[in-house]
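J.: Work out the full structure, taking the sequences as your base and the hints as a guide.
There are 2 protein chains.
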Amino acid sequence: MAGGEAKKASTNASNRKKKEVKKETGLGLSSKKDENFGEWYSEIVVSGELIEYYDISGCYILRPWTMSIWEIMQAFFDAEIKKMKIKNCYFPLFVSPGVLQKEKDHIEGFAPEVAWVTKSGQSDLDVPIAIRPTSETVMYPYFSKWIRGHRDLPLKLNQWCNVVRWEFSNPTPFIRSREFLWQEGHTAFAAKEEADKEVLEILELYRRIYEDYLAIPVIKGKKSEHEKFAGGLYTTSVEAFIPHTGRGIQGATSHCLGQNFAKMFEIDFENDKGEKAMVWQNSWAYSTRTIGVMVMVHGDDKGLVLPPKIAAVQVIVIPVPYKDADTKGIFDACDDTVKALNESGFRAEADFRDNYSPGWKYSHWEMKGVPLRIEIGPKDLANDQVRAVRRDNSAKCDIPRASLVEQVKDMLDDIQQSLFDVAKQNRDACVQVAKTWDEFMEALNNKKMILAPWCDEEEVEKDVKARTKGEIGAAKTLCSPFDQPALDEGTLCFASGKPAKKWTYWGRSY
Amino acid sequence: MAGGEAKKASTNASNRKKKEVKKETGLGLSSKKDENFGEWYSEIVVSGELIEYYDISGCYILRPWTMSIWEIMQAFFDAEIKKMKIKNCYFPLFVSPGVLQKEKDHIEGFAPEVAWVTKSGQSDLDVPIAIRPTSETVMYPYFSKWIRGHRDLPLKLNQWCNVVRWEFSNPTPFIRSREFLWQEGHTAFAAKEEADKEVLEILELYRRIYEDYLAIPVIKGKKSEHEKFAGGLYTTSVEAFIPHTGRGIQGATSHCLGQNFAKMFEIDFENDKGEKAMVWQNSWAYSTRTIGVMVMVHGDDKGLVLPPKIAAVQVIVIPVPYKDADTKGIFDACDDTVKALNESGFRAEADFRDNYSPGWKYSHWEMKGVPLRIEIGPKDLANDQVRAVRRDNSAKCDIPRASLVEQVKDMLDDIQQSLFDVAKQNRDACVQVAKTWDEFMEALNNKKMILAPWCDEEEVEKDVKARTKGEIGAAKTLCSPFDQPALDEGTLCFASGKPAKKWTYWGRSY
Chain A
0 MAGGEAKKAS
10 TNASNRKKKE
20 VKKETGLGLS
30 SKKDENFGEW
40 YSEIVVSGEL
50 IEYYDISGCY
60 ILRPWTMSIW
70 EIMQAFFDAE
80 IKKMKIKNCY
90 FPLFVSPGVL
100 QKEKDHIEGF
110 APEVAWVTKS
120 GQSDLDVPIA
130 IRPTSETVMY
140 PYFSKWIRGH
150 RDLPLKLNQW
160 CNVVRWEFSN
170 PTPFIRSREF
180 LWQEGHTAFA
190 AKEEADKEVL
200 EILELYRRIY
210 EDYLAIPVIK
220 GKKSEHEKFA
230 GGLYTTSVEA
240 FIPHTGRGIQ
250 GATSHCLGQN
260 FAKMFEIDFE
270 NDKGEKAMVW
280 QNSWAYSTRT
290 IGVMVMVHGD
300 DKGLVLPPKI
310 AAVQVIVIPV
320 PYKDADTKGI
330 FDACDDTVKA
340 LNESGFRAEA
350 DFRDNYSPGW
360 KYSHWEMKGV
370 PLRIEIGPKD
380 LANDQVRAVR
390 RDNSAKCDIP
400 RASLVEQVKD
410 MLDDIQQSLF
420 DVAKQNRDAC
430 VQVAKTWDEF
440 MEALNNKKMI
450 LAPWCDEEEV
460 EKDVKARTKG
470 EIGAAKTLCS
480 PFDQPALDEG
490 TLCFASGKPA
500 KKWTYWGRSY
Chain B
0 MAGGEAKKAS
10 TNASNRKKKE
20 VKKETGLGLS
30 SKKDENFGEW
40 YSEIVVSGEL
50 IEYYDISGCY
60 ILRPWTMSIW
70 EIMQAFFDAE
80 IKKMKIKNCY
90 FPLFVSPGVL
100 QKEKDHIEGF
110 APEVAWVTKS
120 GQSDLDVPIA
130 IRPTSETVMY
140 PYFSKWIRGH
150 RDLPLKLNQW
160 CNVVRWEFSN
170 PTPFIRSREF
180 LWQEGHTAFA
190 AKEEADKEVL
200 EILELYRRIY
210 EDYLAIPVIK
220 GKKSEHEKFA
230 GGLYTTSVEA
240 FIPHTGRGIQ
250 GATSHCLGQN
260 FAKMFEIDFE
270 NDKGEKAMVW
280 QNSWAYSTRT
290 IGVMVMVHGD
300 DKGLVLPPKI
310 AAVQVIVIPV
320 PYKDADTKGI
330 FDACDDTVKA
340 LNESGFRAEA
350 DFRDNYSPGW
360 KYSHWEMKGV
370 PLRIEIGPKD
380 LANDQVRAVR
390 RDNSAKCDIP
400 RASLVEQVKD
410 MLDDIQQSLF
420 DVAKQNRDAC
430 VQVAKTWDEF
440 MEALNNKKMI
450 LAPWCDEEEV
460 EKDVKARTKG
470 EIGAAKTLCS
480 PFDQPALDEG
490 TLCFASGKPA
500 KKWTYWGRSY
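Residue numbers (numbering that gives the first Met the number 0), protein chains in the order written: chain A, 0 to 509; chain B, 0 to 509.
The reader is advised that the hints may include incorrect statements.
It does not matter which identical chain is meant; a pair holds if it fits inside one copy or across any two.
[Said to hold, decoys possible] Below, simulated BS3-like cross-link-like pairs (lysine-lysine); rule was C-alpha separation at most 25 Å, straight line: (1) K501 - K327; (2) K475 - K501; (3) K227 - K468; (4) K155 - K84.
FYI, nobody ran anything at the bench for these hints, they're computed from the structure.
Note that this is a predicted model, so its numbers are computed, not measured.
T.: Shown next, in the form of structure tokens:
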């Protein structure tokens, strides 16, 4: 479809231009999601105008189409944490090496990826300075300064910022990049129970970002000891799954740091009994990775598919003026449609460009993933209706202009729900229970997300990793879901044969 | 006042705690604005809880009290530029050296301040990578890629981000820091007139930030050739003035870059006649420096003075429960007052802490600059009124609770206006016309902002700089105001004696 229409559109343009337009707007992807997922993904993020590749490997330009998604999620999350009395702050990008290295496990986790500034202008710095990979060690010396008594608690801060992790393996837009945007929350409490409670409150917000905004089903659970945050007490996460690659992906994490950082950074306080006590800390973050997961889960061979709640443009209105038709009438109807939708709080735009055909525009906005297209041609004008076409399932229907707003509302709600339902069906179809090593290996080879009974021993997880190591990566634990199926007495660990302690999700992952 | 009340407040606290509380909340500043401005400023930004000094020189922690001001300005500016169809994006923090050095004048302006990443983990990078001091050279290679035809124009982007300028002279919180937050807009147009128009539209938004939000009078004008943006065509700015130091301060800049960067980065397009043409570009920015100017202009010896429009807390409500008074009744009245104000859209909070006296709280919130304090004691409760105390002029009045909301609204409006009026009076009192070199030098020694007739020759400006060089810095041009007084025929340049071309503001500056 895209090809034919695009051809028609470009008859007036020079050959040079035609080629470039084709390349720039990516009418049609050259790779298919089912056939070459990696290529398809690299292509769709550019053709959908989310990303531009940058001349430094692993860094990407986030284009306006990306930023509008990010800003919508940010508005939601920022308002929610403000309700929780968490306050925004901004700590420096730079960390001095002494502070960075204070927590041993933590720095071991991050050291290989730290970027170092050693020069300014032509001069060498006296001491190299690190760029934050995360801000625990940046912030906690000041927590120690600010927290004296129990009345200074809880201390609840958040910052929206960029962080740098100079990874060398497989840079992938959104998913694994050397610089990314995120929020990082850092909180300190007098009692462990308060910290535990907040960990789950934040995790629930992350679930809502994925499920309610991005229409992606996630599993809430706890990370294994081996996979938890370096230096923390325990890590909870929301885990998504990409059926096409059979890989789990950590969606966002909410850590209880326990008192480990408090010890290193001497964050103590006088409690209400006048005794010296140590704070309990959390840290939690979600990043622009969310957007990559959304692209992977919903995108198709025509381009992006954006859930209405996060789409910068929810409805694109396209005039279809045949020759001799009442062009002005059609354009006015488009204008009125956009106005009516905007006034009702929808994000709608019209595409009035006169150098592209309607068909070209259909393909263009499909590539960009706009959830609903409205076409208005002479017949629609005559019947006082518009034609609506859904991006997710291509369903078409005519809507009387009198009931435009309510029907668009219903359709957008339905698209949002339907994207989630389809994604959940696809994800659920990938979940496989494995009780033995053979079942586990078979499921792994079939790209499944494996739910297996496990003895919960770190050595066994390391052993599974070693035994499944291969070109496409080893299997590891994704999480132990909070929602645990019944574990029959006597159930054995699929890997060690020891008594199983819990059900855990395993798989390859990003 | 603060001293006496604070003493009373701390009778129950341990000596150790008392000292720390004193230190932490800064009840009373040890330096006076009139006597030692530099010390006063260093102290007030910490005691007012805007800043915490950081262990890397020239980097500062922006505390929540700062971020709430920043976010309010950001919400205003972001909404305004979105109305202008400017879209947010995010380009990488890192620049490769080849691209950075493409525009010669530009890199000469920034090179000494560029921070370089040369290592990741333990490995040396093949090529050192720069951290953006500003993003012209980061963005414009992609402008060249994205702009092909006249229909791709205008291209209007903005980003909210951090930038790094590794300056070595006099780091000062907000005013001169090695990392700061800002927005940077980058736009490209087909015609110079469009670019010129936008330069002024943006400048007007900057004026509104200063005058309408921060209550600081600024002068709109054009920078001299010597002071314009490195690599640009011309620079416009809003200029503020700090009477206490007699220094001008560049508030924000809106540059027309002309076609200079377009040439270097080959940003050309096919115009509507099918000819190859070069784009016209602008860039414009304001930063967290705005907050420093606000502190300097409005702050006093009791602490910060925040204009109501940017204060995180506009009204602080403090219960004053004398012994034997109806404490619950007073607390309830405080609660009701906060609720009524919040529901009417004001940012109000109550300070119910039981370990501080009312007097201590007065001093604390005065230090933090909250525009209006409401006190509720037994007498107020009995008379169904509250007592309101203005931060800016200490004026007190009783408000019947029946008219609370409207009177608070009027008072906040009046405080906002009055802060501006006083600041303008003070600024205007510093403006001095100088027509001769002697008048100029006298005014300069008297810390004036000097309006002088000038021949507009770069050599003359350099000469003035050389002749006024001294410990506290040389005089330079601040701007040539758009609002030019009449220039009588035959008026001569104060410095060169050549015919004057325009009136220009001169002075020492930050």
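J.: Against this structure, judge whether each hint is valid.
T.: Going down the list of hints, with the structure as the test:
Taking the closest pair of Cα atoms, K501 and K327 never come within 25 Å of each other, the shortest separation being 67 Å inside a single copy and 52 Å across copies. In this assembly of identical chains, K475 and K501 lie within 25 Å of each other by CA distance solely inside one copy; the values are 15 Å within and 73 Å between copies. For the homomeric pair K227 and K468, the shortest alpha-carbon distance inside one copy (20 Å) is at most 25 Å, but the shortest distance between copies (59 Å) is not. Taking the closest pair of Cα atoms, K155 and K84 come within 25 Å of each other only inside a single copy of the chain (7 Å); across copies the shortest separation is 36 Å, beyond that limit.
In summary, the one numbered hint that this structure violates is 1.
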